[in-house]
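A.B. asks: Since chain A is already given, all that's left is putting chain B on it; use the hints.
There are 2 protein chains.
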Amino acid sequence: MKAGVIGLGAMGYPMALNLHRAGLLASFWNRTPARAEALAAETGVAAASDPAAVAAACEVLITCVSADADLLEVIDALLPGAHAGLIVCDCSTVAAGTAREAAQRLRHAGAGFLDTPVSGGVEGARKGTLSVMAGGEAALLERACPALEAISARIGLLGPVGSGQATKAVNQIMCAGIGQAVSEALAFGRAMGLGLDQVVDVVRAGAAGNWFLDHRGHTMIRDENTIGFKTRLLVKDLDICVDMARAVGGSLPTIEGLLPQYRELIERGHGDEDHSALYRIKRRLFPELE
Amino acid sequence: MKAGVIGLGAMGYPMALNLHRAGLLASFWNRTPARAEALAAETGVAAASDPAAVAAACEVLITCVSADADLLEVIDALLPGAHAGLIVCDCSTVAAGTAREAAQRLRHAGAGFLDTPVSGGVEGARKGTLSVMAGGEAALLERACPALEAISARIGLLGPVGSGQATKAVNQIMCAGIGQAVSEALAFGRAMGLGLDQVVDVVRAGAAGNWFLDHRGHTMIRDENTIGFKTRLLVKDLDICVDMARAVGGSLPTIEGLLPQYRELIERGHGDEDHSALYRIKRRLFPELE
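Going down the list, the protein sequences come from chains A and B. Here the first sequence stands for residues 9 to 298, where the numbers follow this note's numbering. Here the second sequence stands for residues 9 to 298, where the numbers follow this note's numbering.
The following block holds chain A by itself, in its conformation from the complex (with noise of 0.2 Å):
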C-alpha cells in the first residue's frame, strides 16, 4: 500500500513517521514547505509538489489540517489527481457536515472519504498510539486499515461519515471538562499547601486517574504548557460542540463555562499553550499564598 499525507503539523509530522516506518510513505505535502522538507530530509521519501500529486501518488491519502476551510481547500486542491483507488481519510477535527462535505466533493471524482479524527495527544502520535474515530463505510475503513493502523492503537467505526467527527466532539467535550476537573483541584490543593507533585502522583493511581492528569499534571503546576494541545485550537473545537448541541435543542453549560475561561487565555497571550494553561486562571480562585 501506499500511503500519503497532506498537513505536517504537530500531529501530522509524527503520524507520516509512523507510516515511513511502516514502510507505506510515498508521498506528502504541507502548506509551509520547510516541514515537509524536513521530511524529505529524515525519511529520503520526496515532497510533492502540490496535493493532487499526493493524490496520484496514493491509496490512502491521510489529510491533517486544523480548521474547516483548510480541509475543504486540501480536498479541492487534490481533486485533480483523486482516483478510484484512492481514499481520504481525515485525521483533522472539523464539523461532522465539513466531513460530509468533503466526502461529496470526492465521490464526483470517484474516490473515497472516512473522517478519521484523532485523540491520544502528540505523544500518541508520536508512539503511533492514537485512537481513531472512524465514520464511513466498513469496506473502505477495511481497505485503509494498514494505513490506520500504523498510526495508531485503536480504530473504532462509529457509524456513516460524520460520525468520528461527532464522537470526536464527545472527546473534546470530555478532554476540556476533565481539564476543568483537575486544574481546579490542583489549585485547591495549592491553596491547601499541598506538595503538588506528591499530589499528582498518589491521586492519579486511584478513581480521579486519568490521562490529563498522567501527560499534563507535573509540567501544568509549572505554568510549562509548550507540549500539547494548543487552547486556541481547543476553542475552535469546543465552538463546533456548542454549535451542534445547539443544532438539535440542546446545550452544553460546562463547555459554555469554560469558553470565556480559554478566551481569557488567549487574550493574555497564551493561546498556543497547552490547554493545561487553565490552571493560570483557576489559581485565582484562591487569594496567593504568603
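Simulated from the structure, these hints should not be mistaken for laboratory data. Hints are not guaranteed to be accurate.
[To be verified] Simulated coverage check for chain A against chain B, where a stretch passes if three residues somewhere in it have a Cβ under 8 Å from a Cβ of chain B: (1) 159-172; (2) 217-229; (3) 261-273.
For glycine and all other residues, C-beta sits at the position ideal for the given N, C-alpha and C.
C.D. replies: Leaving out everything else, chain B in the frame of chain A:
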C-alpha cells in the same frame, strides 16, 4: 503484625479481607453486627465485642466510617483499649480538622494516628489496589506499612496529619468534575445518535481516557448505578471541600455548580446510586430523541 478494622462497609469489608489474605487480620468490629458476623464466617477470625477490644488486640487499626461524627465516636469508643504500640489509620473521608482532632485524642492515650483516606473505588478495595493518601509522621507510616500495603498499590505521604484528607479533597473535586465531563459528553453523544458503547471504547483509548469512563462508562449509559460510590456520600465529601476552600477565602465554582445537580438526584431517590447517576440529569440537556 496484628491489624484490625472498624467499619465494614463497602470499602472496609474488602479491605479487611485483604488484610486477612496477608495474614494480618486479628480483630474487627462493625456497628451493624451482621457485617461482622459475615466476616467472621468468611475468615474464621472472631469479631470483637467493642472498638476498645479491637484496639487492645492490634498494632495497626484501620477505621473506615462514613462521616466526621462517626469517626470521633469510634475514636472515643476505642480509647479504653489504646496503647503505645497502637497506630490508628483512618481510611474514612473526613475534614482535615477532624483528622487533627482524632490524632490529638489518641495522643493523650499514647497511641499514634495517620489520616490515610483512599481512592480506587470498591474495585480497588477488592483487588487491594487502592491509592493511600497519608498524613502524619513518616516513622508511624513506616510502622503501619505492612497493613497499608495489603490494601493498596500506592502510598503517598503528603505532610502532617490532615494532609491526607486535604489530598483526598483534591481527589474528590477531580472525581466529581470528571464525572460531570464524562456524563455531559455522553449525553451529547446520545443526542448525536451515536452508539454509546462504541463511543466509550474508542474515547477511553485517547486523551480523554480516565478511570471513571473505564469503570462506569458502559453501566451509566444503561442507568445501572448500583455498584460504586454513593451520590449522597460524594455530596458529603464535596460539602467538606467547599468549606475548606471558603476557609482560605477561595471558591470551587465547578463543584458549587455540581452540588445542586447531585442534590436533585438525591431528592429523586438516587442518593444510594453511584454518582455516575448524574447522567440522568445531563441527558435532560437535550430534547428526547424520537
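A.B. asks: Against each hint, give a clear statement of whether it holds in the structure.
C.D. replies: Outcome of the hint check:
Counting residues of the region 159-172 of chain A whose CB lies closer than 8 Å to any CB of chain B gives 8, which reaches the minimum of 3, so the coverage claim holds. Check result for the region 217-229 of chain A against chain B: holds, 6 residues qualifying (beta carbon to beta carbon below 8 Å, three or more required). For the region 261-273 of chain A, the proposed coverage by chain B is satisfied: 4 residues have a C-beta within less than 8 Å of a C-beta in that chain, meeting the threshold of three.
Hint check: no violations occur; every hint is consistent with the structure.
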